[in-house]
Amino acid sequence: MRVALVSMYTTHHEETGATRRLRRTAELLAERDHEVTVLCAKWWDGDVVEFKQNEVTYHRVTDAPSVGGFASRVPFALREVAPDVIQVASYPPSHVTAVRTAARFLRTPVVADWWTRDDRGGSRAYRRAAKAPNAVLVPSEMVRTQVRELGTSVDATHLVPEPISMDLVRSADAEERADVVYARDLDEHANVESFLLALAELRDKDWSAAVIGDGPERSTAEQTARDLRIDDRVEFLGELPADEAVPIMKGAHVFAQTATVEPFATNLLWALACGCVSIVEYQARSSAHELVEGRERGSLVTSPQELADEIVAARRYDHETVDDDFASYDYRRVIEQYESVYETERDDYGFF
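Read in order, the letters of the sequence shown correspond to residues 1 to 352 in the numbering used here.
Hints are computed from structural coordinates only; laboratory data are not their basis.
One or more hints might be untrue.
Here are the computed lysine to aspartate or glutamate pairs in the DMTMM-like style, where the Cα-Cα straight-line distance is at most 25 Å [unchecked claim]: (1) Lys131 <-> Glu293; (2) Lys52 <-> Glu15; (3) Lys205 <-> Asp187; (4) Lys131 <-> Asp348; (5) Lys205 <-> Asp309; (6) Lys52 <-> Glu339; (7) Lys205 <-> Glu306.
Just the calculated beta-carbon pair ranges, DEER-fashion [unchecked claim]: (8) Trp44 <-> Asp204: 51 to 57 Å; (9) Val261 <-> Gly69: 44 to 50 Å; (10) Gln305 <-> Glu339: 42 to 48 Å.
Keep in mind the model is a prediction, meaning the values are calculated, not measured.
The beta-carbon is built from N, C-alpha and C at its ideal position, and this holds for glycine as well.
My request is simple: use the sequences and hints to build the entire structure.
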């Protein structure tokens with residue numbers, strides 16, 4: 001199947017949840033022998049129109065990110081690529097409507113991949129974008145609700161979560177680096193201070209902790225740990241690839257999730273698959289609670305004090321290193337969900 005993924009931004013322009021999801025989807029589709037082209041703003045050197053990386057073709061629409069310029073030129077790029085199905089990122093929202101207009105002439109279905117509502121987009125543009133595609137993919141029920149409130153029909157939304165590698169989870173050795181782990185980009189939404197405040201409540205207990213992740217708030221978090229006099233027991237490990245983070249999670253007993261904004265809590269998912277007792281601080285703009293609700297080895301809290309209490313209570317559970325209940329989130333199973341939506345939408349267009 002020829003699949004066009006339309007996104008002005010890629011991870012080469014900016015590292016966000018949306019661009020990482022785009023790259024992962026493109027590369028997983030390519031691994032399954034689909035012909036995958038990402039239509040984007042140019043990020044590579046030279047004058048070539050296309051650049052191939054990890055079996056994915058990146059096709060230049062504009063030389064640099066430009067919302068208006070990209071929207072006006074993407075129809076011509078789509079006609080040149082001639083895909084069987086088009087998937088478009090939800091930001092900028094004007095690109096969704098531009099792609100849908102072009103797709104009508106190409107008689108090609110459009111699927112929007114809706115990570116979250118970017119603050120840089122306007123309300124009216126998002127409402128038009130929510131109604132334009134044939135189908136909308138969302139990573140969580142929280143995002144599904146947001147999209148439906150913008151006008152997407154119930155039948156048009158499909159829940160497709162972020163994937164993990166269960167092969168890696170099963171094969172990795174456990175590394176006894178820390179008892180309690182936090183993992184996330186350390187940006188303005190990380191809320192790592194809640195995690196550190198909970199640990200400070202447990203100064204008289206025997207524990208060690210690790211923070212996996214990097215970002216603009218790392219230095220502030222490290223200073224908070226010093227101010228709370230727990231810096232000798234909290235190790236800041238920086239950003240780690242999955243094959244280095246997974247052994248640490250398998251060796252830990254507890255994982256804490258405190259971020260205030262999370263369309264999908266991927267690191268929490270990895271930790272759950274690694275058998276961690278997982279504690280989520282409920283936040284209105286985070287979907288993390290969806291992964292632990294109703295699970296024996298998961299709990300919800302609303303404050304650092306409650307988080308501290310649950311860390312202590314987690315001792316009642318045995319240490320585990322693999323939870324096969326999360327096999328449905330494996331890379332292969334999740335990419336099959338993308339393929340199923342694509343095939344359904346093509347069928348509706350009369351291709352099968």
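Against the structure, the hints come out as follows:
For a cut-off of 25 Å, the pair hint linking lysine 131 to glutamate 293 is broken: about 31 Å separates their Cα positions. Taking the CA atoms of lysine 52 and glutamate 15, the gap is near 19 Å; set against the 25 Å cutoff, the hint holds. For the proposed pair lysine 205 and aspartate 187, the alpha carbon gap of about 29 Å is over 25 Å, so the pair is violated. Restraint check for lysine 131 and aspartate 348: the C-alpha separation of about 17 Å stays at or below 25 Å, so the hint holds.
This hinted pair checks out: lysine 205 and aspartate 309 have alpha carbons roughly 12 Å apart, not beyond 25 Å. For the given pair, lysine 52 sits about 22 Å from glutamate 339 by alpha-carbon distance, which is consistent with the 25 Å threshold. Between lysine 205 and glutamate 306, the direct Cα distance comes to roughly 16 Å. Compliance with the 25 Å bound is thereby established for this hinted pair. A hinted range of 51 to 57 Å holds for the C-beta pair tryptophan 44 and aspartate 204, which are about 55 Å apart.
Taking 44 to 50 Å as the suggested C-beta distance range, the pair valine 261 and glycine 69 does not conform, at roughly 30 Å. Taking the beta carbon of each, glutamine 305 and glutamate 339 are about 46 Å apart, inside 42 to 48 Å as hinted.
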